[in-house]
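**Student:** Chain by chain, the residues run as shown.
There are 2 protein chains.
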Amino acid sequence: MSLSLSSDDWLVTEQAIDFDQAGVFETLFTVGNGYQGTRGSLEEGHIGELSGTYLAGVYDEHDANVIDLVNAPSWLPFVVRVEGYRIDAQNCEVVEHQRTLDLQTGLLHRDTLFKDKLGRLTRIKSVRFASFADQHLCGVKLEVSTENHDSTITVEAGIDGKRHNLEAMPAYQKKRDFPAEVKWEKWAKSLHLEMQASEASKNLAYLQCKTMDTGIVIGTASALQGPEVSKPDQSNIDYRHVSQSLSIDARQGENYCFEKLVAIYTSRDVIEEDVRATAEKSVAAASARGFDAVAADSIAAWASKWADCDSVITGDVEATRAVRFNIYHLLIAANENDPRANVGAKSMSGEGYRGHVFWDTEVFLLPFFIFTQPDTARALILYRYNTLDGAIRNARENGFAGAQYPWESADSGVETTPKWTHDGQNRIWTGEEEIHITACVAYGIMTYLTATDDWDFMRQYGAEMLYQTSRFWVSRLEHNAEHDRYELTRVIGPDEFHEHIDNNTFTNRMAQWHLEKAAEIFARLDAEDGDGHDSLKDRLALSADEVARWSDVAAKIYIPADPSRNLVEQFEGYFDLEDLAITEWDENHMPLYPEGHDHFSLNGTMILKQPDVIMLMYMLPDEFSDEAKKANFEFYEKRTMHKSSLSPAIHAIMGIEVGDHSMAHRYFERSAFVDLINNQGNTADGIHIASAGGTWQSVVCGFGGFRVRHGQMTFKPWLPEQWEQISFAIKWRGKQLHVRINQEQCHFLFDAPVGDEEVIVVSDQSLELAAGTEQSISYG
Amino acid sequence: MSLSLSSDDWLVTEQAIDFDQAGVFETLFTVGNGYQGTRGSLEEGHIGELSGTYLAGVYDEHDANVIDLVNAPSWLPFVVRVEGYRIDAQNCEVVEHQRTLDLQTGLLHRDTLFKDKLGRLTRIKSVRFASFADQHLCGVKLEVSTENHDSTITVEAGIDGKRHNLEAMPAYQKKRDFPAEVKWEKWAKSLHLEMQASEASKNLAYLQCKTMDTGIVIGTASALQGPEVSKPDQSNIDYRHVSQSLSIDARQGENYCFEKLVAIYTSRDVIEEDVRATAEKSVAAASARGFDAVAADSIAAWASKWADCDSVITGDVEATRAVRFNIYHLLIAANENDPRANVGAKSMSGEGYRGHVFWDTEVFLLPFFIFTQPDTARALILYRYNTLDGAIRNARENGFAGAQYPWESADSGVETTPKWTHDGQNRIWTGEEEIHITACVAYGIMTYLTATDDWDFMRQYGAEMLYQTSRFWVSRLEHNAEHDRYELTRVIGPDEFHEHIDNNTFTNRMAQWHLEKAAEIFARLDAEDGDGHDSLKDRLALSADEVARWSDVAAKIYIPADPSRNLVEQFEGYFDLEDLAITEWDENHMPLYPEGHDHFSLNGTMILKQPDVIMLMYMLPDEFSDEAKKANFEFYEKRTMHKSSLSPAIHAIMGIEVGDHSMAHRYFERSAFVDLINNQGNTADGIHIASAGGTWQSVVCGFGGFRVRHGQMTFKPWLPEQWEQISFAIKWRGKQLHVRINQEQCHFLFDAPVGDEEVIVVSDQSLELAAGTEQSISYG
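The listed protein sequences correspond, in order, to chains A and B.
Okay, so the first sequence: first residue is 13 according to the working numbering, each after it adds one.
Okay, so the second sequence: first residue is 13 according to the working numbering, each after it adds one.
Please note that the accuracy of each hint is not assured.
Each pair may be met inside one copy or between any two copies, as identical chains are not told apart.
To be verified - Okay, derived cross-link-like pairs now, PhoX-like style, lysine-lysine, Cα gap no bigger than 20 Å in a straight line:
| id | residue 1 | residue 2 |
| --- | --- | --- |
| 1 | 222 | 129 |
| 2 | 214 | 129 |
| 3 | 655 | 621 |
| 4 | 529 | 549 |
| 5 | 529 | 568 |
| 6 | 642 | 728 |
| 7 | 317 | 747 |
These are computed hints drawn from the structure, not numbers from a lab.
Work the whole structure out from these sequences, hints included.
**Tutor:** Dropping the structure here:
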């Protein structure tokens with residue numbers, strides 16, 4: 013194809029078709045642009061296919077057990093027939109196969125040579141993209157060559173509305189080790205789409221449907237172009253599937269190129285009545301320009317994104333590629349143009365967690381966006397503002413005041429955590445108990461404010477969220493008269509091995525911090541933004557007395573600790589639990605469950621799923637002494653199973669902070685390669701997007717040692733000896749700081765208007781940066 | 013179409029497309045021939061489709077929870093497109109629609125007028141059959157007319173290998189009242205087919221697959237012919253679906269006729285290597301003759317079947333049609349040519365009970381076949397002989413001697429009853445406890461012998477089954493030393509409301525009868541069949557001493573009873589249970605559950621699901637006095653819920669026998685219309701085939717009062733006053749008796765070689781029948 017490949021450290025490659033791995037590569041090879049994500053299924057379909065196009069914010073429940081991010085009509089289908097014989101891996105032998113995701117351009121390249129039962133060799137190449145320049149556009153270019161035969165070939169470019177979301181049926185899965193073909197059949201299907209239109213002509217195919225409960229109209233328009241010698245073949249118009257066809261009398265050795273361009277619009281984008289005309293007009297215009305021109309726009313947009321967030325690990329191509337792979341998925345997951353949508357736990361690359369939004373956004377994803385794409389960060393936080401009504405409803409339904417953000421959020425902010433595991437065997441308590449999410453939302457707002465100085469945002473949106481959520485905390489906190497202190501009982505902290513616990517330090521301390529920050533913001537806005545703030549206070553019926561009470565309550569929140577050992581206690585009574593030891597590790601030095609235990613049996617022991625206290629110390633770096641961080645890291649690290657993909661990155665970062673580098677590189681790899689090598693075994697369900705954010709943090713905040721402390725950028729780097737240099741960039745209050753760190757030195761280039769200055773701290777040394785000049789400093 | 017319709021009392025009609033009823037009509041309109049059954053789905057598919065072609069004896073387990081009768085490749089697909097626009101009920105408005113199943117000819121006729129979105133009216137007529145003359149052949153003739161437009165129409169005749177069996181998911185179903193489109197999606201799919209070949213040319217399409225565990229090769233060959241003006245269009249060859257296409261420039265008002273003929277062969281029919289050639293040759297020959305000629309052969313075969321089993325209720329068209337409908341389904345369910353297959357509880361008309369074979373065969377179906385199609389009956393009993401190894405394995409696995417027939421049987425005779433209900437909530441005990449099945453198998457053998465005098469069969473097969481099963485009983489019976497009697501504890505009788513019961517009278521008495529009959533047969537064969545019997549005894553290591561012990565044990569089997577009330581006790585302790593009354597009936601006078609009770613809560617009460625004692629008295633008419641029958645009928649009838657579709661027919665029959673006619677007609681209707689009006693609500697799962705057999709018995713043995721008593725045909729008729737006459741025929745020892753019964757008289761025509769005589773009993777009067785002359789006698 014004319015669209016050339018980038019250098020090797022940008023390329024993720026599949027070398028053969030392996031149906032057992034089909035789901036994994038569908039996830040890895042997702043193309044997207046924040047508006048849509050489309051899994052990397054083969055154009056013609058395949059065994060074990062679990063394809064999906066997901067549109068940010070398009071949710072529907074209908075007959076699902078819990079609301080789903082809707083599996084929308086697919087724009088991928090592109091089938092080649094040789095004399096009627098469908099060319100695919102089921103019908104043919106796959107002689108050669110390679111696919112390459114070019115992370116730099118966002119193009120997915122494919123080259124497959126098929127041999128059919130009559131020995132005919134047919135090569136199919138394709139390149140696919142979802143445009144970053146116009147988020148509604150996407151396309152596939154297909155090149156067919158008949159290597160040893162002259163045949164009539166037909167190409168069908170379809171839009172498939174026979175979509176459903178999957179409902180897991182684990183009872184069936186465990187029965188046997190199913191072959192790949194069978195595996196995906198053992199699911200129930202949830203339907204979300206009602207058909208409204210399905211039409212196709214020689215010029216255009218169009219399929220329109222509407223989500224059943226939420227009533228969102230989705231229009232997909234597609235146009236197929238082929239070589240001049242091709243003839244229009246019959247278009248097929250079925251109720252839930254349409255296609256355009258072209259046929260050609262192909263001559264041996266010739267290449268024939270077919271372009272399919274697609275536009276997707278929904279009634280979230282334009283009014284319902286305009287969906288069709290807008291989509292059709294858009295695709296007609298794109299088609300007139302041609303595939304390469306449309307793709308070129310997208311590649312240019314990608315280049316501009318990468319300029320702000322690329323990160324290179326010199327001396328380690330694999331690590332560079334892995335970091336870029338994670339950043340690629342972060343970039344296609346979030347939509348700076350849609351403040352009503354957010355990033356689900358599996359982004360738009362799969363149906364795991366049904367597209368629901370967790371604390372992952374605030375704690376794992378936002379740092380990346382805040383420091384590289386602040387506009388996107390702003391949109392992600394605005395989603396919380398736009399779902400504030402749902403949060404208010406949650407609080408009211410649970411008997412509290414103010415706004416309580418949901419543990420799992422979809423389109424409205426109403427709590428959507430399922431109450432039971434798939435099999436109905438285990439009650440899920442996170443929706444009721446994992447209440448720290450509300451403080452994490454505040455944490456996201458405050459981090460954004462610090463990094464951007466965007467006080468307009470704070471005045472318009474941030475303050476209202478902080479105030480309403482503070483009200484929640486004050487009503488949720490329970491006064492213990494005996495000790496005259498405030499407590500939070502029956503909660504779950506970040507470490508989900510322990511349910512129904514009292515006074516989880518992470519939760520209590522974050523709630524306290526939340527109330528403190530809200531009171532600070534209130535004081536400052538009251539002082540500096542008189543009228544605007546008065547109007548907000550009126551609207552919320554919020555008085556200075558009420559805010560004073562927030563501070564009073566915050567001051568009395570109970571934080572369990574053992575001062576004699578300089579240890580924070582994860583929760584009240586944790587130190588009395590059985591101190592079960594981790595004694596075995598797998599070949600990657602990751603802990604194995606103590607004998608006789610599993611996920612559900614560790615409530616009575618000190619074993620953790622993922623960091624809880626350590627997480628807190630990472631998030632609030634100014635609040636704990638170096639000694640406390642070190643003591644707690646040593647204590648908790650050896651009791652942590654890392655059974656969440658979020659865990660290793662935090663341990664990499666905090667290990668480096670406290671000077672324990674022994675596991676840092678391994679934890680980094682664990683995080684960076686979680687999907688590339690499918691080391692949790694569930695990549696087929698979608699990308700571990702929080703881990704992708706954690707990977708970026710482990711480079712920048714771990715090896716780079718970047719932290720914002722007391723409102724100032726600080727660095728405390730450490731590099732594994734096999735790395736020559738790491739480089740990354742940080743957006744800071746409208747400017748940009750380019751950072752290169754090698755084994756001895758840091759190099760900073762402060763990209764800001766001439767005359768701007770910024771004082772940073774590098775390993776406890778102050779450094780004054782001037783705009784436009786690279787400055788270097790030794791560290792360590 | 014040129015194939016004309018029979019008179020109204022042969023026709024079952026659907027007047028509109030109602031997707032909520034789609035599954036019901038798919039079941040009712042099943043076409044078949046004992047070799048295959050194909051549900052009556054529309055050729056082009058439809059919402060709520062639950063299509064299936066089932067092949068007798070083709071079972072497979074693979075990833076299903078329990079072995080399935082395999083949903084084999086479908087020969088139905090026949091799609092019409094107008095300018096590419098698929099004509100079906102999803103794409104178009106259905107302006108007119110009617111389907112008619114002609115029970116006399118076995119043809120399913122269809123006439124639908126579609127209006128597409130451009131206002132084009134297209135009429136599609138079809139007629140479909142599965143040949144009774146050559147069980148491997150089937151076909152669809154399609155007539156298309158474009159009523160108000162000239163258009164290019166394309167017709168695609170396909171073979172669909174994308175088949176799966178369904179695994180119910182009731183947890184999902186109960187959540188909401190799903191619309192029809194959604195309803196059938198909430199199932200898990202069990203795959204059974206591995207593809208082997210899929211090809212299509214202008215002349216022929218062929219698809220071959222192999223069942224995954226049982227390795228049965230299934231080849232389906234299809235040939236499409238159209239009018240001379242039609243042009244071959246592209247054949248589509250996909251991995252699991254092939255089709256041939258023809259296109260035509262259709263002119264307004266013209267009719268265009270397309271014929272699709274299909275041949276199905278499996279490696280159960282010919283050796284694996286010959287499957288393809290045989291199927292292709294067969295379809296080529298059929299295609300050369302043309303649809304009408306092939307259909308004519310089938311119609312002739314149907315006529316010959318009906319000559320032996322038609323039954324008319326003069327004065328009641330609805331009842332006649334219903335009886336014929338039940339007989340139609342009996343005829344297409346059983347295969348006289350295949351002694352390795354039997355009839356599942358839903359025949360081959362649906363996936364209910366997964367095609368498993370129950371006691372239904374022996375008790376409900378065999379009487380119909382024995383007395384109208386004795387060759388078919390012989391094949392059905394030979395199935396038990398051919399699964400004797402499985403029965404021996406069951407006995408061995410359960411710790412017993414001899415052969416124990418399974419409660420649910422598939423291809424091997426090994427027990428296949430699932431141990432849990434779909435949802436895993438309720439343990440199913442019938443596989444362990446409903447052991448009367450083994451005596452029922454013996455009952456089928458003995459009834460067949462009495463009616464046919466087929467001693468060759470008894471010598472070759474029947475005796476061996478009787479002996480091996482007797483060994484099972486003797487080892488299973490438990491000696492009670494205190495009372496010196498034999499007992500059977502922890503069983504379930506026909507009434508499944510009561511589990512884990514001891515000494516169920518039905519089971520104990522049938523086991524006793526079984527041992528008695530086995531000993532009698534042994535004595536007679538020993539006397540009359542010296543060498544042959546000696547060889548059998550040698551093979552089984554069976555001595556006269558062992559058989560003497562059968563009689564001894566039989567004599568000591570405990571039968572619970574209350575002689576003071578002339579009552580048989582259903583099981584030991586039954587009379588001590590709570591005597592809960594049925595106090596409410598629905599609008600059809602069928603009992604409603606006592607308040608607060610359901611299927612699973614009646615173990616502690618006297619309420620029955622279906623007759624148990626009454627069933628026994630029906631099956632062994634010579635063993636109980638008239639007084640006992642009357643007393644027990646009165647006692648048990650008012651405690652019976654009729655929650656099995658098998659129940660009403662037996663109560664109709666036994667009510668008439670004891671002179672309680674009050675409910676007889678209502679019970680008959682309940683049985684005869686169970687599927688036609690879907691009065692159990694689950695007709696979509698398949699025909700209640702045992703109820704179909706019960707319906708025939710309620711006419712012949714109920715209203716006709718036919719019973720074999722002491723080896724002689726006897727009649728004790730009673731007719732509802734609204735009926736003028738009933739007629740039926742009975743095969744008896746190679747001859748045939750035609751019976752007509754009106755309100756006063758019976759008319760008998762004995763069809764036998766001249767000179768043959770037969771003495772029968774009519775309402776206690778002896779009647780000597782001479783061959784060839786109709787004789788009449790008054791009754792009552």
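**Student:** Against this structure, judge whether each hint is valid.
**Tutor:** Results for each hint:
With identical chains, the CA atoms of residue 222 and residue 129 are at most 20 Å apart between copies only, with a shortest distance of 18 Å across copies and 41 Å within one. Taking the shortest alpha-carbon separations for residue 214 and residue 129, only the inter-copy value of 18 Å comes in at or below 20 Å, while the best intra-copy value is 31 Å. In the homo-oligomer, the alpha carbons of residue 655 and residue 621 lie at most 20 Å apart inside one protomer (5 Å), although the nearest pairing across protomers, at 52 Å, exceeds that limit. In this assembly of identical chains, residue 529 and residue 549 lie within 20 Å of each other by CA distance solely inside one copy; the values are 17 Å within and 96 Å between copies.
Taking CA atoms no more than 20 Å apart as the test, residue 529 paired with residue 568 passes inside one copy only; the shortest distance there is 15 Å, against 90 Å between copies. In this assembly of identical chains, residue 642 and residue 728 lie within 20 Å of each other by CA distance solely inside one copy; the values are 15 Å within and 98 Å between copies. In this assembly of identical chains, the alpha carbons of residue 317 and residue 747 lie at most 20 Å apart only when taken from the same copy (15 Å versus 91 Å across copies).
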